[in-house]
Amino acid sequence: MSNENKSLVDVRGLKMYFPVGKSLLAKNRRWLKAVDDVSFTIGRGETFGLVGESGCGKTTVGRCLVRLYQPTAGSILFDGQDIAHTREKQLAPYRKRMQMIFQDPYASLNPRMTIASIIAEPLLKTGMSKAELNERVRELIDLVGLKPDHMQRYPHEFSGGQRQRVGIARALASSPEFIVCDEPISALDVSIQAQVINTLEELQERLGLSYLFVSHDLSMVRHISHTVGVMYLGCMVERAPVQELYRNMLHPYTKALMSAVPVPDPDAAAKAERIHLSGDVPTPIDPPSGCRFRARCPYATERCAQERPELRDVGNGHFVACHIV
Amino acid sequence: MRLLEIENLRTTFDIHVGSVQAVRGIDLHVDEGETVGIVGESGCGKSVSMLSLLHLLPDYARVTADKIAFGGTDLTKMDAKAMRRLSGDQIGMIFQDPMTSLNPLFTVGSQLIEPLRIHKKIGEKEAAQIVLDKLRLVEIPDPESRMKQYPHELSGGMRQRIMIAMAIMCDPRLIIADEPTTALDVTIQAQILDLIASLQKKLGTAVIMITHDLGVIAGMCQRVVVMYGGVIVEEGTVREIFYQPRHPYTWGLLRSIPQKSGEKKKLVPISGSPPDLIAPPPGCPFAARCPYAMNICNSAMPPMRPVSDTHSARCYLMDEGAPDVKWEGIRA
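Protein chains in written order, with this note's numbering: chain A, 72 to 396; chain B, 3 to 334.
Some clues are possibly wrong.
[What the hints assert, rightly or not] Example chain B residues on the side facing chain A (calculated, C-beta under 8 Å, incomplete):
1) 3
2) 82
3) 191
4) 218
5) 255
6) 272
None of these hints come from the bench; they were simulated from the model. Just so you know, even glycine gets a beta-carbon here, dropped at the ideal spot from N, CA and C.
Make a model of the complete structure from these sequences and hints.
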């Protein structure tokens with residue numbers, strides 16, 4: 072915590088390209104541009120919500136941030152230190168400061184390990200004694216709202232919501248400052264989603280955690296985030312503080328995305344006007360030139376095909392990448 | 003006009019650890035051309051009840067009902083074969099996952115033409131023509147070339163359109179849509195929901211929409227049935243359910259979703275998890291998670307009590323002399 076004002080995570084020009092096919096000749100190689108020049112910052116104790124449809128690169132951004140992927144280009148400043156291209160060995164001190172919670176609470180827990188050993192696993196190399204380890208696991212289990220007698224049970228004995236708590240406890244084990252939550256609630260039932268979201272919020276308050284909250288659930292993102300970034304086909308098209316964004320959406324894609332969310336209120340739903348987007352998201356392999364959204368954008372002009380719009384400041388911390396705004 | 007009427011439908015699965023009572027006596031009716039939403043969490047019996055209706059469950063499922071009438075025909079007396087004939091003609095089904103419901107080894111066209119030929123006993127050309135018409139109806143661009151493609155060549159939204167075309171192939175009177183948009187992105191979900199709504203207007207088909215998404219219900223349905231633990235706990239018109247709900251489970255569902263206003267308010271989750279249906283509680287299935295549960299709730303299943311002609315709920319709080327607990331709106 073060297074500088075309180077500095078943001079915890081500062082991403083600049085992040086690019087992540089994956090090679091497609093098996094061509095050995097560099098010139099023939101095609102690239103899937105999963106993330107193409109994305110920049111944003113996450114403040115201490117804050118939640119950055121990343122929304123977009125499947126294939127927009129939001130999960131890839133999350134994985135780059137905790138260095139599960141080595142980015143193709145760009146920098147990731149974590150507490151002032153660029154970790155985008157740091158080698159694995161030098162990365163070790165940062166590993167325990169950032170953790171991840173996964174989407175599927177069924178696939179992300181080893182079915183042959185007890186809850187206690189799953190949660191203790193990240194701590195095994197820290198040189199804690201058995202008693203200390205046990206104490207810490209007990210503490211974590213209590214922190215996420217599970218009971219001590221759950222410790223010796225196996226994942227299959229738990230419901231989806233409880234499993235997700237185990238995942239959260241495991242992520243918290245190394246006392247991280249930053250957690251990437253990759254669709255942490257999309258596999259859960261509505262009534263259980265709220266339990267997990269409340270747990271995440273309480274933990275943030277108590278421990279001052281920062282989150283990257285990756286989700287396609289726009290209403291949940293609105294609820295939990297301080298700042299929201301909207302991604303489309305590897306690019307960030309709009310970014311703003313949550314209140315500002317939902318009050319004043321500027322990018323045509325953001326507007327369409329938000330208007331497509333079904334409103335759980337019959338009267339409002341009858342009045343709501345939907346902006347229709349035709350077609351599907353194009354493939355990120357050799358994406359369209361210029362603005363990535365232009366093929367589906369009702370306002371696209373000549374300029375959109377030639378020139379890629381930069382994310383520019385329109386005041387109030389609001390950034391948008393669109394020529395017509 | 004009543005299209006479908008079900009009384010006391012029960013479905014039990016006999017598995018090695020015991021009998022799972024997935025559906026424990028539901029009454030349901032659907033009128034011609036209306037859209038009824040069935041909402042509830044995973045395992046509440048919403049899908050199983052519809053699959054029971056269509057005889058689509060495996061052999062170890064036991065289905066009983068006092069009455070299942072479809073357009074005046076009693077389905078309880080039908081054998082599986084006759085049932086298939088009827089449901090193929092008059093009931094269309096749309097499943098959740100368009101990837102696994104299409105055969106990856108056959109072109110889309112052959113998957114659509116073949117069953118139609120067999121079912122209607124018509125020639126290849128005639129069937130192909132009907133298929134083309136239906137593909138146009140579900141707004142698939144360039145249907146001739148799509149028919150030659152394999153499912154993996156199509157996007158999720160396109161595949162779901164194919165499934166819808168399949169469901170309306172024989173101009174059914176009822177479409178059962180089981181979480182038709184859960185696997186899709188929001189903008190595609192909006193396209194598919196609009197499509198279902200417009201088809202319904204054009205064809206006058208009744209729709210049963212199974213979903214866990216209250217937003218989908220609010221936008222699509224006229225009536226809503228709320229299921230929990232294998233029983234219906236509340237039913238009513240969409241406005242009754244959203245604005246004057248009477249059952250604490252419905253309250254819980256409505257409160258656990260973030261509000262549109264975007265106020266930073268704590269969500270109110272429903273604590274605990276749904277009951278084990280191998281040994282369901284003798285009383286109200288929601289009692290264990292209900293903040294207002296009384297002694298009687300644990301011992302006897304509350305009966306369905308009418309609130310209005312269209313609205314009823316299964317809760318002892320509606321009795322005279324019960325504690326005065328009222329729904330104070332979502333923001334309470």
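Checked hints:
At its closest, the beta carbon of residue 3 of chain B sits 24 Å from a beta carbon of chain A; the interface hint therefore is violated under the 8 Å criterion. At a threshold of 8 Å, the smallest CB-CB gap from residue 82 of chain B to chain A is about 32 Å, leaving the interface hint violated. With a least beta-carbon distance of about 7 Å to chain A, the hint placing residue 191 of chain B at the interface is held under the 8 Å criterion. For residue 218 of chain B, the interface hint holds, since its Cβ comes within 8 Å of a Cβ in chain A; the closest pair sits about 5 Å apart.
With a least beta-carbon distance of about 6 Å to chain A, the hint placing residue 255 of chain B at the interface is held under the 8 Å criterion. Among the interface hints, the one on residue 272 of chain B holds; its C-beta lies about 4 Å from the nearest C-beta in chain A, closer than the 8 Å criterion.
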